[in-house]
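2 protein chains.
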Amino acid sequence: MKNVIQNLNKTFDNKVRLGIMAALTVNAKLSFVDIKNLLELTDGNLASHLKALEKAEYILVAKLFINRKPNTTYKITELGKKEFEAHLKALEELINQQNTVRPSENG
Amino acid sequence: MKNVIQNLNKTFDNKVRLGIMAALTVNAKLSFVDIKNLLELTDGNLASHLKALEKAEYILVAKLFINRKPNTTYKITELGKKEFEAHLKALEELINQQNTVRPSENG
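Heads up: the sequence lines are chains A and B, in that order. One point on numbering: in UniProt numbering, the residue at position 3 of the first sequence is 3, and numbering is uninterrupted. One point on numbering: in UniProt numbering, the residue at position 77 of the second sequence is 77, and numbering is uninterrupted.
By construction, these hints were calculated from the structure, which means they are not laboratory data. None of the values given here were measured: they were computed from a predicted structure. The hints are all genuine.
In silico DSBU-like links for lysine-lysine, alpha-carbon gap of 35 Å or less:
{"#": "1", "chain 1": "B", "residue 1": "K10", "chain 2": "B", "residue 2": "K89"}
{"#": "2", "chain 1": "A", "residue 1": "K81", "chain 2": "B", "residue 2": "K10"}
{"#": "3", "chain 1": "A", "residue 1": "K10", "chain 2": "B", "residue 2": "K81"}
{"#": "4", "chain 1": "A", "residue 1": "K89", "chain 2": "B", "residue 2": "K75"}
{"#": "5", "chain 1": "B", "residue 1": "K51", "chain 2": "A", "residue 2": "K36"}
Only part of the chain B face toward chain A is listed, based on derived beta-carbon distances under 10 Å:
{"#": "6", "residue": "V4"}
{"#": "7", "residue": "Q6"}
{"#": "8", "residue": "L8"}
{"#": "9", "residue": "D13"}
{"#": "10", "residue": "M21"}
{"#": "11", "residue": "A23"}
{"#": "12", "residue": "T25"}
{"#": "13", "residue": "L39"}
{"#": "14", "residue": "E85"}
{"#": "15", "residue": "L88"}
{"#": "16", "residue": "I95"}
{"#": "17", "residue": "Q98"}
{"#": "18", "residue": "N99"}
From the three backbone atoms N, C-alpha and C, an ideal C-beta is built for every residue, glycine too.
The whole structure should be built from the sequences, with the hints applied where relevant.
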């Protein structure tokens with residue numbers, strides 16, 4: 001049995017981060033409040049995961065002012081897209097491996 | 001966009017735990033060393049995750065003595081099987097949602 005977890009990306013080892021990347025893959029950009037409502041999270045929880053993904057350069061933050069009100073939006077980077085797709089592919093391999101192999105009696 | 005992460009199980013929020021559950025789904029039972037080699041982990045790292053999965057009653061530990069030598073094996077519980085399958089199904093939904101929806105320009 002191949003090591004099914006070696007291609008999984010530790011940075012995505014959290015369902016909130018999976019949710020953020022999934023949301024930013026299917027939306028060109030989203031605000032903090034958009035993501036918070038979409039994933040039903042607290043401010044603090046979301047902020048810490050956004051920071052980690054930003055640090056890994058998987059997402060970009062754009063801070064604008066609209067009618068003198070701060071408007072912060074997030075978007076996925078090319079690196080983020082590439083790494084997230086690879087992570088999903090590795091997850092798919094793990095899932096497919098479960099579906100094909102029946103439990104074997106060993107030892 | 002439905003909240004794709006609500007059905008993900010926090011206990012499986014770690015690739016090592018995904019690997020352990022995957023291995024114990026396709027093998028009736030495995031020893032500590034089996035799992036350690038399969039997933040290329042350190043003793044300490046593996047032990048902490050096995051403990052958490054045992055505490056959640058997703059795996060069972062059997063401690064035997066073979067020729068007076070301790071032999072500890074692990075196997076998945078029915079609860080573990082059920083929860084892991086639900087987790088994989090939620091991951092599959094997240095992945096499929098990525099494959100179907102193209103990035104939309106919004107706002």
